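Peer 1: As given, the protein sequences belong to chains A and B, one line each in that order. Counting from 20, one number per residue, gives the positions in the first sequence under my numbering. Counting from 12, one number per residue, gives the positions in the second sequence under my numbering.
Worth double-checking, as some hints may not be accurate.
[As the list claims (entries may be wrong)] Keeping only pairs whose Cα atoms sit at most 30 Å apart, straight-line, the calculated DSBU-like set for lysine-lysine is:
{"id": "1", "chain 1": "A", "residue 1": "K185", "chain 2": "A", "residue 2": "K275"}
{"id": "2", "chain 1": "B", "residue 1": "K140", "chain 2": "B", "residue 2": "K221"}
{"id": "3", "chain 1": "B", "residue 1": "K169", "chain 2": "B", "residue 2": "K140"}
{"id": "4", "chain 1": "A", "residue 1": "K236", "chain 2": "A", "residue 2": "K86"}
{"id": "5", "chain 1": "B", "residue 1": "K169", "chain 2": "B", "residue 2": "K139"}
{"id": "6", "chain 1": "A", "residue 1": "K236", "chain 2": "A", "residue 2": "K185"}
{"id": "7", "chain 1": "A", "residue 1": "K384", "chain 2": "B", "residue 2": "K169"}
{"id": "8", "chain 1": "A", "residue 1": "K275", "chain 2": "B", "residue 2": "K139"}
{"id": "9", "chain 1": "B", "residue 1": "K140", "chain 2": "A", "residue 2": "K275"}
These aren't lab readings, by the way, just hints derived from the structure by calculation. Just so you know, these numbers come straight off a predicted model, no measurement behind them.
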Amino acid sequence: MTSPTGHSTARGPLLPGLLLALVLGLALPTASAAGPDPAHDHLHRVIPLQSRTSISDTRFQWPGWQKLSDTLLMRQYNTRIVLLGTMLLGIGAGTVGTFMLLRRRSLVGDVVSHASLPGIALAFLYIELAYPGGERSLQALLLGALAAGLLGVFCATSISRFSRIKEDAALAIVLSVFFGAGIALFTIIQKLPTGQVAGLQQFIYGQTASMIAADVKLIGGTSLVVIAVSALLFKEFGLLCFDEEFGRSHGWPTTKLDSVLMALVVCMAIIGLQSVGLLLVVAMLIIPAAAARFWTERLGPMTLISAGLGGVSAWLGGVVSSLFARFSAGAVIVLVGSLFFMLSMALGRRRGLLPQLLNHLATTKRVGRHDLSRALYEMLEPRLEQTGSDSGPDSGPDSGPDSGPDSGIDPLCQYLLVHDRILARRSWSPRRLAPLIRTAVSGGRLEVVEGGWRLTEAGAADARLVARNHRLWETYLVLHADIATSHVDRDADLIEHVLDPDLVDQLLEAVSQRYPHMGMPPSPHPIDSGS
Amino acid sequence: MTGDSVPVDQPDSAPAAESADGAQHLSTAPVAIHDMTVAYHRRPVLWDIDFDAKPGKLTAIVGPNGSGKTTLIKAALDLIPRASGDVHFFGAPYRTVRHRVGYVPQRGSVDWDFPVNATDVVAMGLYKKIGWFRPVSRRYRLQAMEFLDRVGMVDYAKRQISQLSGGQQQRVFLARALAQQADLYLMDEPFVGVDAATERAIVDILHELKADGKTALVVHHDLQTVPEYFDEVLLLNMRLVATGPVSEVFTPENLRATYGGKLALLDQVGHRMTLDPNRS
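Work the whole structure out from these sequences, hints included.
Peer 2: Set out below in structure tokens:
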């Protein structure tokens, strides 16, 4: 069936642009001034062209003890605000990333960041040509990045909307074309007599330590705004991500909400350029959210966990980057984030691999236990049916098995169980049976006697209970198969926990007519007391 | 029939309901579709649909795959653009009476792995009442639980939705629509892939809605149960083939016109119809 997607992809770039402009304006009132102004020098990001290092620089220095403690305790004002800003960035990215992940727009952040490169280069060139020898402000470069990033997203959505190219292909095309254009422009910049590309490399690889107070204000302020908007629109974004069409049918302006969400992502991607670098921005948006998903099945907790993981990764990345000046903060942030991701994937309480494995093992064990108990009961059942007269080889109880519980000894406990006969009962291999018996012995359900095993009192009760439940289930399916299986929790062991008492009574009656010797109520708890 | 009692602000609803054929002008029917055509990529999928829903009745929308059943509902709800024609709900454009129209989308339309539980989903039906920016408070969560209870799902309130069976998921969707307390419900294939208990639960809900004087339009795929569950039927195959009371319209001839005669089931259905004593 065809389904219309035209509306859902409509994302005007206008709103994101307005929002970012607003944010820039809020965070830094002087952001638009690009020219050099000595009086406000502390507000303008002056990129010292020669002092930048590239990723190929391998000089390495261990930090002194003093620096280590200074950094970790955030003693210096500068360290403090840099770390704080980076952390806010991580929190904001984690928050927005949750929605992007759930909306299956993981790659949009990547497109924005890659597409921003030519914008940065063009802004750089413009300043270089318009004010030769002048200084370049971060704000001007980021505005260029913003414009190009938005253009990239606009191109990607237009391509997928108006052509038959699918969205992922459109994103890949735009990403590579824009990035290629950026690299080409960088080459041109390098050829300029005054041009130096080194100062721009931080946008590719990221360098937290080079941030100054003004940058941090911009980054932190934007992140705060993004976090606040996400918190305010939390319910609305959740609806948008889960069921956009239903939301639209209720009159929620889903297209506008989508634009706002996109605007937040664009903000985070552009703001993250300087500290994480455009190659890795997407990781900050997506990895914390993906990790958080392993821990919870609710949107609220997932967002909080994602924000927390994002914040912690970014903070650690900032610490490492300021301790080791040549370490790329982006790389550290991503590595810490992916460490969290791997831990979450392995251990996550809800969807982690280890809990799932344990769950599976526990189920296998339980099923094995039930199989053994039932097999033993069914082995002994024919002898129980020979009521009274000849009930056991070892002892001669004066009553039939039906009154077994009264005589103090369960007749089931009186029989010797031989290995080969158990084995024959259900095509078990000896290797499969051995651990089952071991567990039963250690669990006190079987005791070792000469030539085999014997059921203990507890084992006998368990065997009866398991056999009884199995038969109740079978009877239920035979008698009431038309009643929905959705009324039945397949995982439940005890039928009376699942079906209503009336139905269980009915089944008990049906079963006890067929198997009178089962001596029906060996249940350890009253069956219809739950009502 | 008591079902004709239609909510308060429509004194003249009864005559509108009686004049079944024609008279679309300023109809106050729960939904009045006039001359609607819908096209995807130049290819029309619905042609000139004219339809007035009868207030207080359960109407089945029936037709083969690709006949535009889902499109009909979505286009009426402004979810996809109409090439021409107009739709009125209770005599007004949809955007002014959204709160009176409940929508149950197809179950397959969302990602059931989404991190929400059954109560969260039902609460979405209350979001409009909650309003912008406000979180879902305890009061609304309790309300959502009440609606879960109505569809027999209160025991599953805290289950993540992927851990529900198909039928249970469908009931959650239904509860979400009920939470809106609308006067008209549009349901897209609520009976697909559900178990017998859910089918029963949905039918019960439909009857409750009808008893409350509400109207329901249900996309339905099982021809066998149409006479049993519904009062009215709309036969659709890109064009409106026939519409009216089941007893008059749900005939082998009309079905053959709808399905192009490739349905062996048709004769059986016709047979059942004539034998069904409950049909008036």
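Peer 1: Next, verify each hint and record whether it holds.
Peer 2: Taking the hints in turn, this is what the structure says about them:
Among the hinted pairs, K185(A) with K275(A) is consistent with the structure: their alpha-carbon atoms are about 22 Å apart, no more than 30 Å. In summary, the hint linking K140(B) to K221(B) is supported, as the alpha carbons are separated by about 24 Å, within the 30 Å threshold. Distance check on the hinted pair: K169(B) and K140(B) sit about 22 Å apart at the alpha-carbon level, within 30 Å; holds. The hinted pair formed by K236(A) and K86(A) meets the criterion: a straight-line CA distance of about 24 Å does not exceed 30 Å.
For the hint pairing K169(B) with K139(B), the CA-to-CA distance comes to about 22 Å; that is within 30 Å, so the pair holds. A threshold of 30 Å between alpha carbons decides the hint, and for K236(A) with K185(A) the separation of about 39 Å lies outside it, so the pair is violated. Distance restraint check for K384(A) and K169(B): the Cα-Cα separation of roughly 27 Å lies within the 30 Å cut-off, and the hinted pair is therefore satisfied. Taking the CA atoms of K275(A) and K139(B), the gap is about 16 Å. The hint holds against a cut of 30 Å.
Between K140(B) and K275(A) the alpha-carbon distance is near 20 Å, which keeps this suggested pair within the 30 Å criterion.
Of the numbered hints stated above, the single one contradicted by the structure is hint 6.
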